[in-house]
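As a plain string of letters, each chain reads:
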Amino acid sequence: MKWLWSLLALLLGRGRRGAPAHVERQRLIPEQPPSPRGENIVLALLALAALCFAAFVAVYVLDRLPDHTQLLGLALGLGFAFAAAACIVVSRLLVPVEEISEPYANEPNVAQVEEVEQLVGESGSRLTRKRLLKVAALGTGGAMGAAIIAPIASLGPAIDPDALRRDGWRRGMRLVDSKGRPLSADHIESKSFYTAFPQDVSHDELWAPLVVVRVDAERLDLPHGRDPRLWAPEGIVAYSKICTHAGCAIALYRAPLNEATSARPALVCPCHYSTFDPATGAQVLFGPAGRPLPQLPLLIDERRELRAGGHFSNDVGPSWWGVRRGRA
Amino acid sequence: MILRRTVRFLDERTGAAPLMKKALRYVFPDHWSFLLGEIAMYSFIVLVGTGVFLTLFFEPSLAKTVYHGQYAPLDGVHMTKAYASTVDISFRVKAGLLMRQTHHWAADVFLVAIVLHVWRVFFTGAFRKPRELVWYAGIGMLFAALLEGYLGYSLVDDLLSGMGLAIGYSVALSIPFIGGNLGLLLWGGPYPGIPQFESRMYIAHVLIFPLLIGGLLALHLGLIIARHHTQFGGKSKTERRVTGLPSFPGYAPRSIGLFFGVMSTLFLLGGLVQINPIWLWGPYDISQGTNGAQPDWYLGWLIGALRITPGFDLTIGNYTLVPNPFWGGVLLPMAVLAFLVLWPSIERRITGDNAYHNLLDRPRDNPMRTAVGFAVTTCLAGVFFAGAGDRFYASLAIPYAPQIWFWRFFAFVLPFGVFWLVRRFCEDLAAEDEAEPSSGYEPEPQSSA
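Taken in order, these protein sequences are the chains called L and S.
Position one of the first sequence corresponds to residue 173 (the numbering used here), numbered consecutively onward.
Position one of the second sequence corresponds to residue 2 (the numbering used here), numbered consecutively onward.
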């Protein structure tokens, strides 16, 4: 303990009192009694903090401990907690208590405000065609701004709404699952739901993923002009899997377990619960979506595999100004 | 002696001694609620520190790779380098998971502190003349921080971040006239965009937005110093004089203690409380989604707004003009931004009060403002809770559709009642103070500057 005190005395310069001061200066901060208890607490807290930080380094170096992340966080967090506690004790017990005061600036600098105005005004006193120059300067400034901003257009295809309308499906394209295996009409069961993609095309395009389900014949009620033989062969329907509301994947299929009491089967987007009826051309049953999911006509080829029968019924993906709601 | 020599050295070369003396004796009025802004600032420092660490390992690239790392369940899975490197940060980099989780927690705490700070400043009228510019800089930081946080978790390219980006794209697309082109411009093409989109988000997240927030922070603090901090009135605390602790030695240990306290909290959270375990979500694929997905808390009000908007687009014939995500994703946040930015002017217009205000109101002192603040807060709370509607449905089995109607009522009808009630309550409290002046303080007569 003794050596601790002497260390402290050295650090805080207590010994200074012994040396005669050159000039007896007036104190700027009022003199207040020491708090040995406070100093002890702070020293203890600092020691604990140092211990925790050292433990952090040790845990970091040792690495292969179980719960490595937890131990690291604990050591670092506790180290800072002790350091914080030390600071609080310093502020409570060891720092001179004083309250100081200063005036707020509650008046404008009237004279300088006027001088600024005058300086700027007089700076233009040699100009005769002020207004014309102002217009010219503004025009040049505008053009300069346009020149500086223009390269931003390199970011993407500017003014090209057709880029949003991309639909790569062509009549005869084979539908495959995520592993690239063809989808057979015989394997599409009712009350289940399948994700399909075009064969040999990147799956990372909004038009690519489809959701395929089988609908009961008596429920089928497609919009006017969609011949069930082309749009729902054997009751199988295919819709774009990308929600027309906010672009999420339609990842839920509400297929009733008890037909008598449950709601009708529906495709549901998990993001905002837009709900679409696969039996009626994916009309919106509930939720914020503003237009139905685009439907893809289907063919069943001689090997009973599913193929696209043409293009989507309307624009794929989330909506934008001017998107077509119904048939293109 | 060393100290004097150092100060002298600096003063001879910069003339900084008077400034240093002033800085040491800068006055900090004391109240616990003044610490909220500091907590935000210290969280920001932790964000920058942990963020720099993460950049040393994160690969902002959408190039495909096959994962063969420490985390066995993902072995052999195709994913982008962005996602793979984040999984590696979590499992392979020493202390990587600690830094990643602390970074994420710090972002959440940063926004909690900012929002509480905005409330404090609003309800006490601290934004009034001469401190409107401080308020504007603060609101700028709030919105920059929201975007910065969104960019941060979008970079990772796990399933949740991809779903968030799809929604962001749809919201961009929904803006009238320019939406389609804006979306194409930002993403470089139709969603999911060109590979460079990741680099664009990355530079925005690690440079542009941090610089913006840092710049606004410097402006915010500089403006506060220029006009001093506000204070609650009291003995020797008046409209004319600011009274409190000197920055040194009185205030410094408190503030440093708070800094360490924030660090402690964030590292304890980062080490002990799991957040965003991205290896469980799996890599993003546009054809996949998951039920019950939630964003970080500060974006809850935006997903809530998308959820409670009735399913309607503005249409003409076969064409959509304004798609649905616009109402909740653009209009609502813009309305909130406009409210926050315009409020100081609106209040000045209502009250005709153009005087300097250095003393803070208690919420009851201005029933109108307090009632408006509570009404707006109620509205946003309703929208916010609606964002968790799927969670209430899944975990409490509260049916979803009636819930949405409940939250609509909460957000757009309840605020009127709240406004009336809060105003009454404030007026009653103020009347009580009038009857018994000793319970309040005596404000100084206004200087009519």
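Hints listed in this document are in silico derivations from the structure and should not be mistaken for laboratory results.
Heads up, some of the hints might be wrong.
Derived PhoX-like pairs (lysine-lysine); straight-line CA-CA distance at most 25 Å [unchecked claim]:
{"hint": "1", "chain 1": "S", "residue 1": "65", "chain 2": "S", "residue 2": "82"}
{"hint": "2", "chain 1": "L", "residue 1": "351", "chain 2": "S", "residue 2": "82"}
{"hint": "3", "chain 1": "L", "residue 1": "351", "chain 2": "S", "residue 2": "65"}
{"hint": "4", "chain 1": "S", "residue 1": "130", "chain 2": "S", "residue 2": "65"}
{"hint": "5", "chain 1": "L", "residue 1": "363", "chain 2": "L", "residue 2": "351"}
{"hint": "6", "chain 1": "S", "residue 1": "95", "chain 2": "S", "residue 2": "82"}
What follows is a list of derived Cβ distance ranges for each label pair [to be verified]:
{"hint": "7", "chain 1": "L", "residue 1": "317", "chain 2": "S", "residue 2": "274", "range": "13 to 23 Å"}
{"hint": "8", "chain 1": "L", "residue 1": "317", "chain 2": "S", "residue 2": "273", "range": "48 to 58 Å"}
{"hint": "9", "chain 1": "S", "residue 1": "219", "chain 2": "L", "residue 2": "272", "range": "23 to 33 Å"}
{"hint": "10", "chain 1": "L", "residue 1": "313", "chain 2": "S", "residue 2": "356", "range": "31 to 41 Å"}
{"hint": "11", "chain 1": "S", "residue 1": "281", "chain 2": "L", "residue 2": "272", "range": "50 to 60 Å"}
Computed from a predicted structure; not experimentally measured.
Cβ atoms here follow ideal geometry from the backbone N, Cα and C, with glycine treated the same way.
Hint-by-hint comparison with the structure:
A hinted pair counts as satisfied when its Cα atoms are at most 25 Å apart, and residue 65(S) with residue 82(S) qualifies at roughly 6 Å. For a cut-off of 25 Å, the pair hint linking residue 351(L) to residue 82(S) stands: about 21 Å separates their Cα positions. Annotation: proposed proximity of residue 351(L) to residue 65(S) holds, straight-line Cα distance about 17 Å (limit 25 Å). A hinted pair counts as satisfied when its Cα atoms are at most 25 Å apart, and residue 130(S) with residue 65(S) does not qualify at roughly 55 Å.
For a cut-off of 25 Å, the pair hint linking residue 363(L) to residue 351(L) stands: about 22 Å separates their Cα positions. The suggested pairing of residue 95(S) with residue 82(S) holds, with an alpha-carbon distance near 19 Å, which does not exceed 25 Å. Distance hint check: the CB atoms of residue 317(L) and residue 274(S) are about 48 Å apart, inconsistent with the given range 13 to 23 Å. In this structure, residue 317(L) and residue 273(S) meet the distance hint of 48 to 58 Å, their C-beta atoms being roughly 51 Å apart.
Hint check: residue 219(S) to residue 272(L), Cβ distance near 25 Å, so the stated range 23 to 33 Å holds. A C-beta distance of roughly 37 Å is found between residue 313(L) and residue 356(S), which places it inside the suggested range of 31 to 41 Å. Between residue 281(S) and residue 272(L) the CB atoms are about 55 Å apart, so this pair conforms to the stated range of 50 to 60 Å.
When held up to the earlier numbered hints, the structure conflicts with 4, 7 and fits the remainder.
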